[in-house]
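2 protein chains.
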Amino acid sequence: MGFRFELEEKCRHTWARVGVLHTPHGAVPTPVFCPVGTQATVKTLTPRDLEEVGASLLVANTYHLHLRPGADIVAELGGLHSFMRWGGPILTDSGGFQVFSMGHLRDIDDDGVTFRSHIDGSEHRLTPEKSIAVQGQLGADIIVALDVCPPYPSDHDHNVEALERTHRWARRCLRAQTRADQMMLGVVQGGTFADLRAESAQYLVSLDFPGYAIGGLSVGEPKTLMHDMLDVTIPLLPEEKPRHLLGVGSPEDLFEGVARGIDIFDCALPTRVARNGTFFTRDGRLNIRNARHRDDPAPVMEECSCYCCRNFSRAYLRHLVIGKEILGLHLATLHNLHFMLSLMSEIRDAVKEGRFPDLKAEFLGGYRVADYGAGNRDRRAWMSRLGVSEVAPDD
Amino acid sequence: MGFRFELEEKCRHTWARVGVLHTPHGAVPTPVFCPVGTQATVKTLTPRDLEEVGASLLVANTYHLHLRPGADIVAELGGLHSFMRWGGPILTDSGGFQVFSMGHLRDIDDDGVTFRSHIDGSEHRLTPEKSIAVQGQLGADIIVALDVCPPYPSDHDHNVEALERTHRWARRCLRAQTRADQMMLGVVQGGTFADLRAESAQYLVSLDFPGYAIGGLSVGEPKTLMHDMLDVTIPLLPEEKPRHLLGVGSPEDLFEGVARGIDIFDCALPTRVARNGTFFTRDGRLNIRNARHRDDPAPVMEECSCYCCRNFSRAYLRHLVIGKEILGLHLATLHNLHFMLSLMSEIRDAVKEGRFPDLKAEFLGGYRVADYGAGNRDRRAWMSRLGVSEVAPDD
Numbered sequence: 105m106g107f108r109f110e111l112e113e114k115c116r117h118t119w120a121r122v123g124v125l126h127t128p129h130g131a132v133p134t135p136v137f138c139p140v141g142t143q144a145t146v147k148t149l150t151p152r153d154l155e156e157v158g159a160s161l162l163v164a165n166t167y168h169l170h171l172r173p174g175a176d177i178v179a180e181l182g183g184l185h186s187f188m189r190w191g192g193p194i195l196t197d198s199g200g201f202q203v204f205s206m207g208h209l210r211d212i213d214d215d216g217v218t219f220r221s222h223i224d225g226s227e228h229r230l231t232p233e234k235s236i237a238v239q240g241q242l243g244a245d246i247i248v249a250l251d252v253c254p255p256y257p258s259d260h261d262h263n264v265e266a267l268e269r270t271h272r273w274a275r276r277c278l279r280a281q282t283r284a285d286q287m288m289l290g291v292v293q294g295g296t297f298a299d300l301r302a303e304s305a306q307y308l309v310s311l312d313f314p315g316y317a318i319g320g321l322s323v324g325e326p327k328t329l330m331h332d333m334l335d336v337t338i339p340l341l342p343e344e345k346p347r348h349l350l351g352v353g354s355p356e357d358l359f360e361g362v363a364r365g366i367d368i369f370d371c372a373l374p375t376r377v378a379r380n381g382t383f384f385t386r387d388g389r390l391n392i393r394n395a396r397h398r399d400d401p402a403p404v405m406e407e408c409s410c411y412c413c414r415n416f417s418r419a420y421l422r423h424l425v426i427g428k429e430i431l432g433l434h435l436a437t438l439h440n441l442h443f444m445l446s447l448m449s450e451i452r453d454a455v456k457e458g459r460f461p462d463l464k465a466e467f468l469g470g471y472r473v474a475d476y477g478a479g480n481r482d483r484r485a486w487m488s489r490l491g492v493s494e495v496a497p498d499d
Numbered sequence: 105m106g107f108r109f110e111l112e113e114k115c116r117h118t119w120a121r122v123g124v125l126h127t128p129h130g131a132v133p134t135p136v137f138c139p140v141g142t143q144a145t146v147k148t149l150t151p152r153d154l155e156e157v158g159a160s161l162l163v164a165n166t167y168h169l170h171l172r173p174g175a176d177i178v179a180e181l182g183g184l185h186s187f188m189r190w191g192g193p194i195l196t197d198s199g200g201f202q203v204f205s206m207g208h209l210r211d212i213d214d215d216g217v218t219f220r221s222h223i224d225g226s227e228h229r230l231t232p233e234k235s236i237a238v239q240g241q242l243g244a245d246i247i248v249a250l251d252v253c254p255p256y257p258s259d260h261d262h263n264v265e266a267l268e269r270t271h272r273w274a275r276r277c278l279r280a281q282t283r284a285d286q287m288m289l290g291v292v293q294g295g296t297f298a299d300l301r302a303e304s305a306q307y308l309v310s311l312d313f314p315g316y317a318i319g320g321l322s323v324g325e326p327k328t329l330m331h332d333m334l335d336v337t338i339p340l341l342p343e344e345k346p347r348h349l350l351g352v353g354s355p356e357d358l359f360e361g362v363a364r365g366i367d368i369f370d371c372a373l374p375t376r377v378a379r380n381g382t383f384f385t386r387d388g389r390l391n392i393r394n395a396r397h398r399d400d401p402a403p404v405m406e407e408c409s410c411y412c413c414r415n416f417s418r419a420y421l422r423h424l425v426i427g428k429e430i431l432g433l434h435l436a437t438l439h440n441l442h443f444m445l446s447l448m449s450e451i452r453d454a455v456k457e458g459r460f461p462d463l464k465a466e467f468l469g470g471y472r473v474a475d476y477g478a479g480n481r482d483r484r485a486w487m488s489r490l491g492v493s494e495v496a497p498d499d
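Just so you know, the sequences run in chain order P and V.
Using our numbering, read the first sequence as starting at 105 and increasing by one per residue.
Using our numbering, read the second sequence as starting at 105 and increasing by one per residue.
Check before you lean on any hint, since a few could be wrong.
Since the list can't tell identical chains apart, any single copy or any two copies may satisfy a pair.
[Unchecked claim] With a straight-line cut-off of 25 Å between C-alpha atoms, the simulated DMTMM-like cross-links for lysine to aspartate or glutamate are:
#, residue 1, residue 2
1, 234, 399
2, 428, 224
3, 428, 176
4, 428, 227
5, 456, 356
6, 147, 399
7, 428, 180
8, 147, 400
9, 456, 344
10, 234, 211
Just so you know, these hints were derived from the structure itself, not from any lab.
Given the structure is predicted, the values throughout are model-derived calculations rather than measurements.
The task is simple: from the sequences and hints, build the whole structure.
Okay, structure coming up:
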């Protein structure tokens with residue numbers, strides 16, 4: 105039905121790989137970073153802005169769209185692609201993550217979850233069948249099976265119970281699928297327990313999903329623990345199927361995830377911090393509110409080719425953000441997504457050209473430098489190797 | 105110094121005229137509607153959006169920019185054009201309107217006004233010399249003399265006193281001007297008193313400003329009174345100089361103002377109501393929050409060529425606005441400015457082709473139709489004559 109995952113190149117030193125995921129709405133070069141369009145809009149951006157920054161696959165949230173405007177409305181208007189005017193591929197999540205994170209507002213049983221809307225307090229029911237039905241109405245290219253997301257930290261017993269439900273629900277999701285033009289990802293869970301992660305990966309592989317997502321990470325655990333879980337999980341997943349690390353995607357996460365064999369990332373972080381006046385740079389995060397940008401005529405990044413950096417000074421961007429001007433939030437979002445998508449493009453090129461470990465070391469070596477002595481000289485050295493000019497370090 | 109006002113065509117039945125105002129940053133076809141960029145940004149829009157909707161002359165607010173980021177910062181960054189990256193002409197107001205509307209937060213004397221910042225309560229002083237100096241630092245093409253704006257209603261005596269100050273300040277502003285590359289407009293005041301309006305026009309004409317603004321209207325008085333004041337004032341102003349009606353510019357105001365000989369309009373209304381979910385149409389204002397747009401696949405205006413109407417359904421726009429999504433505010437702003445600027449372009453064409461009275465009658469006849477019986481048939485008739493398709497009437 106238009107889906108094919110083509111592996112093009114593998115890194116010889118890490119699990120990194122480059123490929124193309126073909127969908128009914130076009131091809132996605134992987135590894136890919138997906139901007140998050142929670143309510144069927146990537147906040148502050150038009151579809152043409154998203155094209156300009158190089159987005160290919162977008163994520164939209166089933167929970168939010170189910171409550172407002174309602175999946176029936178979206179279906180009536182021709183599905184998400186038509187509704188939000190995004191001609192490229194779209195992925196919807198299961199709605200589970202939002203519902204499980206609602207704490208006392210939800211009640212889980214073997215069959216599903218009952219929860220109250222954050223908008224009007226109305227009661228709703230989410231089951232595996234309902235999630236797949238709603239995602240069917242929304243009409244994304246890639247959909248995600250409903251899983252149980254235990255909070256972090258949770259003990260082993262709690263995770264065993266959650267995992268058994270997740271696996272039963274995975275089977276029900278597969279049975280519930282009616283649309284052949286949607287690719288469903290099974291979700292590996294297991295918390296921070298290596299044995300459960302391995303069990304989950306093996307069980308879901310036995311169900312033969314066309315692709316896999318890894319859930320329940322980056323929920324408060326140390327980064328090293330997240331990396332350990334990826335190290336356990338990914339070798340058990342079939343090489344020929346795409347792997348999505350759910351809800352993860354800071355600039356540094358891209359490198360660590362790609363190195364472990366992740367193909368798809370989605371994360372609201374780059375757009376969320378943008379709306380707080382934080383711009384990504386090769387040195388780390390730049391807080392444009394800082395007084396030292398008050399009269400700085402330089403762009404956020406001299407070497408960046410985005411509309412924001414090509415046109416506007418730090419002084420103007422600071423003025424916009426301090427003055428609570430929407431244009432400031434728009435330009436920061438545009439820049440941060442351009443940064444993420446360009447970085448991923450660089451990563452793909454590096455994997456193809458056998459330079460991924462070097463690029464990773466260079467990027468992570470220069471990122472968030474706090475010591476302006478020896479560290480700064482190192483930073484300058486790799487910047488020089490990269491052929492980029494000096495930019496101010498993180499605030 | 106690059107300024108020239110060229111009259112191209114006059115209407116034979118009204119005071120309407122078409123011309124071109126040449127400025128150091130380009131030519132402005134008149135009559136013109138100026139989007140308002142209070143804080144050196146037309147809210148939610150990039151400069152390229154403004155180009156796309158056909159903006160030529162922008163207005164920025166001296167009061168706001170003086171307080172934040174400060175005219176010295178703007179000057180240091182090369183002036184407003186460079187700061188906000190608008191290559192076209194810019195007009196700044198005097199700052200007086202905002203200061204006078206602050207009520208108990210300001211104190212007027214013969215020399216100037218002392219006021220407190222709405223941002224941090226700090227005390228500031230605005231005099232004619234200071235206004236011109238700040239506008240000099242901001243570096244707009246067209247600047248405005250500092251006037252006294254009495255509240256409406258105010259009695260004759262109060263208006264006489266305000267007018268005398270306005271006239272003394274007008275002389276001081278002319279004397280204070282140092283930059284030859286800025287065109288200064290003198291401001292006709294006089295409240296709602298025909299004798300004072302006439303006196304003001306005659307006095308300011310004697311000072312030989314290169315152009316005139318008409319202030320203190322659309323501040324709460326009935327529209328007919330505003331029209332009366334224009335009817336008194338405009339015949340006393342020199343035909344060969346441009347006339348700016350300050351702070352006025354609903355769609356219907358454009359027709360009434362142009363018919364009376366106004367060349368320049370500026371108004372925050374189209375962008376302000378956009379951020380409340382109100383879209384302009386040929387029928388009047390459409391409130392996108394209305395439940396009947398819930399599943400409407402039609403654009404706001406079938407016949408509109410703006411990015412918003414070419415791409416998005418009323419259902420999606422309603423979803424964005426109800427969901428408090430910035431994209432909704434952006435698209436509404438884009439549409440409303442496109443509407444205003446296209447309407448002005450239509451008006452210019454109509455004046456050139458001797459059809460202005462017909463266009464005015466047609467537009468005002470169809471706008472805000474509330475009776476869906478006979479009125480609706482009339483509306484359909486003129487829509488058919490205009491060759492436009494049916495759109496829903498005002499909410």
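Are the CA atoms of residue 234 and residue 211 at most 25 Å apart within a copy, between copies, both, or neither? Within one copy, since 16 Å is at most 25 Å while 65 Å is not.
State whether the alpha carbon distance between residue 147 and residue 399 is at most 25 Å within one copy, between copies, both, or neither. This pair counts as between: shortest inter-copy Cα distance 22 Å, intra-copy 28 Å.
For residue 456 and residue 356, with the copy left unspecified, which applies at a CA distance of at most 25 Å: within, between, both, or neither? This pair counts as within: shortest intra-copy Cα distance 20 Å, inter-copy 61 Å.
Since the copies are identical, ignore which copy is meant and state whether residue 428 and residue 176 lie within 25 Å (CA to CA) inside a copy, between copies, both or neither. Close across copies (21 Å), not inside one copy (36 Å); limit 25 Å.
Between copies, within a copy, both or neither: which fits residue 147 and residue 400 at Cα up to 25 Å? Intra 27 Å, inter 22 Å, cutoff 25 Å: inter-copy only.
Copy assignment of residue 234 with residue 399, given that the CA separation must stay at most 25 Å: between (54 Å within a copy, 22 Å between copies)
Can you tell me if residue 428 and residue 224 fall within 25 Å by alpha carbon in one copy, between copies, both or neither? between (28 Å within a copy, 15 Å between copies)
Same-copy or cross-copy closeness of residue 456 to residue 344 [CA-CA at most 25 Å]: within (17 Å within a copy, 67 Å between copies)
Given identical chains, is residue 428 near residue 227, meaning Cα to Cα at most 25 Å, within a copy, between copies, both, or neither? This pair counts as between: shortest inter-copy Cα distance 22 Å, intra-copy 36 Å.
Quick one: residue 428 to residue 180, C-alpha cut-off 25 Å, is that within a copy, between copies, both, or neither? Answer is between: at 22 Å across copies they meet the 25 Å cutoff, but 36 Å inside does not.
Figure legend: structure checked against the earlier numbered hints; every hint is met.
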